[in-house]
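> Note that the protein sequences, when read in sequence, are chains A and B.
Remember, our numbering sits 85 above the position in the first sequence when you count from 1.
Remember, our numbering sits 206 above the position in the second sequence when you count from 1.
Hints were generated in silico from the structure; no laboratory data involved.
Hints are supplied without guarantee of correctness; some may be wrong.
[Stated by the list, open to error] With the C-beta cut set under 8 Å, the calculated list includes, among others, these residues of chain A facing chain B:
(1) L125
(2) A147
(3) D150
(4) E186
(5) V304
(6) F308
[To be verified] Which stretches of chain B does chain A cover? Using the computed rule of at least three CB atoms under 8 Å from a CB of chain A, they are:
(7) 244-254
(8) 314-322
(9) 358-370
Even for Gly, the Cβ is constructed at its ideal location relative to N, Cα and C.
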Amino acid sequence: MGAVCAGSLRAQVCAGHSSLHRAPFRVAVGAESFSYATRLAVSATGGRAVFGTAAIGRTHDAELDASTLDIGLEAGAELGDSAGRVFLCPLAALSWSIGPEDFLLLGSDYKYFEGAVGLGAAAVPVRRGRVAVHMAGGLRLARLKAHYLPGAERRANGAQPYSERDNYWLLSLAVGLVVKEVLSIRPSVSVPLGVETSWDAIAVPFGRENHELSLGIAVGFAFGRRSRADR
Amino acid sequence: MDAIGVGQPNSGMLYVYGSPADTSFRLEWDQQVPVEITTTGGDRESAVLWRSLCPYRERGYHFGCSRFVVVMRVGYHASSLAGRVAAIGGRFELISVSGFLAAVVLFSRGEEVDRARAAQSWPGVAYTDLSFPFCAPDAPDCLSGSHLWAPVRADTGAAVLGDAVVQVRSGDTVEVAYRQPTGETVRARRAVQ
Chain A
86 MGAVCAGSLR
96 AQVCAGHSSL
106 HRAPFRVAVG
116 AESFSYATRL
126 AVSATGGRAV
136 FGTAAIGRTH
146 DAELDASTLD
156 IGLEAGAELG
166 DSAGRVFLCP
176 LAALSWSIGP
186 EDFLLLGSDY
196 KYFEGAVGLG
206 AAAVPVRRGR
216 VAVHMAGGLR
226 LARLKAHYLP
236 GAERRANGAQ
246 PYSERDNYWL
256 LSLAVGLVVK
266 EVLSIRPSVS
276 VPLGVETSWD
286 AIAVPFGREN
296 HELSLGIAVG
306 FAFGRRSRAD
316 R
Chain B
207 MDAIGVGQPN
217 SGMLYVYGSP
227 ADTSFRLEWD
237 QQVPVEITTT
247 GGDRESAVLW
257 RSLCPYRERG
267 YHFGCSRFVV
277 VMRVGYHASS
287 LAGRVAAIGG
297 RFELISVSGF
307 LAAVVLFSRG
317 EEVDRARAAQ
327 SWPGVAYTDL
337 SFPFCAPDAP
347 DCLSGSHLWA
357 PVRADTGAAV
367 LGDAVVQVRS
377 GDTVEVAYRQ
387 PTGETVRARR
397 AVQ
């Protein structure tokens, strides 16, 4: 699911965390709240000017007893000014969501695949001693494919698998509180725009209702030896 | 609330239902509609109504809140599951004569999918299914997203105030009352057969 990377799991400076130029590795845990579901996820990021992130999470809609296993990969660049106060982050992401399975006891399974490209930006307007505040935002264009597989009984009655595709924009904003360039605490909001798919046909949008406001929080821990240039 | 009603006690429960005057009204998850249930036998209980149509959202699939259907394999009778149904906080609303089919009502909300899925592993169960909303014969707009209901436990014992079980016997009258935000009280009565 695109929001695996786009929402709670972006683990680089343009998502409100500390810069990878300071410490090249980061692990992060995040939670995100949608209109009808919540997501918990973990991610690992490595790199400096160029970075990669791998993430895994689970999204759960308690009322529908519907869950997806979310896997995300993201790669990008962290381009900063010499003072380390302004950053730009072009990025590309792929994500998969497996589930829900046996949705509403109908025997039908769903899978989602998404690719996205986007641009993030970050600034460090406040730095006091070992504490810094990061303001971050990003916009990405996502291409979603949702795949429906009817259960055996439904297939026997003539139901056929089908796929729906849609393009949409995802706008995200975050504020990161970064301590000693190691610990980052990052609340965020994200809003999908331009979603046109008939979601009635593909079960659970999980953060992809048009104009649906999602709230997230992530905590990141950076580690690893700093580069010579940053010491 | 434009209309309120109470069903005939049956199978150890009774239904309370209500229909807002505005059919575009949608009860939110964190909202409750409290009602008072009294009987001429001396019992008094409180209950809260929730939506009869789930989930609490407009789009996508919908099903009856707090209910599911059990279909048994050949050679099994649904009545053998009464203990399991009680253990998950429910009761059989009806069981077909052959025992092949049964409808379960839960006295809680938001658990019907989870409970129905778990019931698929009960002995003798072929499969379970979510069900259509309950429609009392005289309940208006019962398939509307605005319609509200609540199943309430009932038995024929001596009245115990506030035990969440309506003690009611044949010949009693059950009254359900809802106090409007304006202070006016809407009431409905039913004679128990």
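> All hints are to be evaluated individually against the structure, with a verdict given for each.
How the hints compare with the structure:
no.: 1; hint: L125; in the structure: 18 Å, violated
no.: 2; hint: A147; in the structure: 7 Å, holds
no.: 3; hint: D150; in the structure: 4 Å, holds
no.: 4; hint: E186; in the structure: 11 Å, violated
no.: 5; hint: V304; in the structure: 28 Å, violated
no.: 6; hint: F308; in the structure: 40 Å, violated
no.: 7; hint: 244-254; in the structure: violated (count 0)
no.: 8; hint: 314-322; in the structure: holds (count 4)
no.: 9; hint: 358-370; in the structure: violated (count 0)
Violated hints for the displayed structure, listed by number in ascending order: 1, 4, 5, 6, 7 and 9.
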